[in-house]
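Visitor: Here is what each chain is made of, one letter per residue.
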Amino acid sequence: MSVLVVVECADGEVKKSSLEVATYGAEVAAMLGTTATAIAVGEATEANLAKLGEQGITKVLYDAEPRLKDFVNNAYTKLIATAAEQEQAKVIILANSNIGAAVGSRLSVRLKASLATNAVELPKTDNGQFVVRRGAFSGKAFSDVVLSGERKIIAVKKNSTEAKHEAGKTAEVQSFTAQLTDADFADAPTQVVMQDQAGGILLPEADRVVSGGRGMKGPENWHLIEDLAKALHAATACSKPVSDVDWRPHHEHVGQTGITVSPNLYIACGISGAIQHLAGVNSSKVIVVINKDPEAPFFKAADYGIVGDVFDVLPKLTAAVKELG
Amino acid sequence: MKFLVCISNVPDTTTKITFTPDNKEFNKAGVQFVINPWDEYALTRAIELKEAAGSGTVTVLNVGEADTEPNIRKALAIGADDAIRVNAAPQDAFFVAEQIATVAKEGGYDVILMGKESIDYNGFQVHGMVGEMLGIPTVAPAMKLDMNGNTATLEREIEGGKEIVTVNTPFVASCQQPMCEPRIPNMRGIMTARTKPLKVVPAVGEPARTTVAEFALPPKKQGVKLIPAENAGELIKLLRNEAKVI
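Chains A and B supply the protein sequences, listed in that same order. When we follow this note's numbering, the leftmost residue of the first sequence carries the number 69, and every step to the right adds one. When we follow this note's numbering, the leftmost residue of the second sequence carries the number -4, and every step to the right adds one.
Please keep in mind that the hints were generated in silico from the structure rather than gathered at the bench. Every residue gets a Cβ at the ideal spot worked out from N, C-alpha and C, and that includes glycine. One or more of the hints may lead you astray.
Said to hold, decoys possible - If you anchor each label on the Cβ, the simulated ranges turn out as follows: (1) A/T245 to B/N181: 55 to 61 Å; (2) A/T193 to B/L212: 22 to 28 Å; (3) B/P16 to A/D79: 49 to 55 Å; (4) A/A98 to B/G103: 47 to 53 Å; (5) B/K19 to A/V260: 40 to 46 Å; (6) A/L392 to B/N181: 37 to 43 Å; (7) A/A115 to B/K23: 26 to 32 Å.
With the hints as extra help, turn the sequences into a complete structure.
Guide: Structure (structure tokens):
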């Protein structure tokens, strides 16, 4: 019996959210008195996989099958299910990502496991129950879910765990095969299109986010958002009305029906703070609101605020960040 | 082409979330329920594809008790042809998926659509469970869906980009924007919806695998610290020295 952690990789590197998942998995393993094994998916280098030891992983399984570079739902599900059987994993941990949710939900049926997605804390095992706190009601609440049965799967929300780095510890990387056949790749993508990310920072994984609303008055003013984001090494985002009128692409829309983010710092510029927008951001650690309307509801959800014109305030903030160096 | 569109009945997006005093249940008092906003993409897209093909049916499926029927009727008013309600409270994702898989199998549906997730439970699980129970592909979350005969081309969102995926029917897709512009019912739709068939069937399958022990609300914010606009640079110093986030 062990804990199996699903680690997503891209361009040779382990994704930040998977470093968090690895840390979470190692802590669950310690709670249960066992060790954490990782199964890596996507394109990874052996050196980077070995470094998962820093997060407390003891062993990493990796199938070098080239068609596993891109996400294929059936193939990934079979790969992870095979690893789970080999390792006799009682608990499987994934990131609550588009990949993690797609695979985790299929795995739960295949392995007869109970599943909690969007987990925000480590499980509690008092009174013989296995309880996981997860985000619900679009970030407006939490629910403590009791997972039944022998086998459990947890998908961990991004930025809810801090990745641990114990320098010098390495994991043993083992090659692994699930004997995948062509049939397992029947739903492989015919094409993969990556977006240009501002500064290369993925919004769902970003530590800092600078977001603009209708108060920005038009897409031609977005350089003010981008300049501050660049200075802060932040991702850019927007409110729903902004993506609805195509000032910004849909994948930047943060809110109840867009992306939910939980960065350390969320700076909202010219966003009034409708309840649907707040649902997408209220698990951010620090929220800054800049709005010329002192009555904007967003100020009630903010830690810091500036009542002022975004066109005046944003350049001052960018200059101040540059001064800090 | 037979479309099955699964909808859930959720609190309106503007709802202030509260719980019963023991924190065991969501407090429904005074709350308006709507069709889950993500499911509206699935419903409208199914209707659009049926219209474009000039043939086919769109069946709406809900797992819920009788109080969900106003929203089932609304889906019929938007343009679905008939509806099925599995008469049970939706206990967890696994339980709901079992009901959908059973209805889908019995009805021989070609395309099973639903929203990415419900805005109350936020599970993002049902699509994959249904696909696995039926042994058919799942594409989730899908931003675009086109049909050409029995072949569907979908855009699937991945972190930082998208995949183009081609699958044959039957398949499951969970939908999100910008798939289509969700429709709202018109007067004619509302009138015809009253007489469209709505079948009620009992729940089947194994019990739920998860239960909610308790709900909790996030801690309240301490209150906002305002910085004068003319002194905006001060904010950056506070973010570094006080909040320690930059």
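Visitor: What hints, given by number in increasing order, does this structure fail?
Guide: 6, 7
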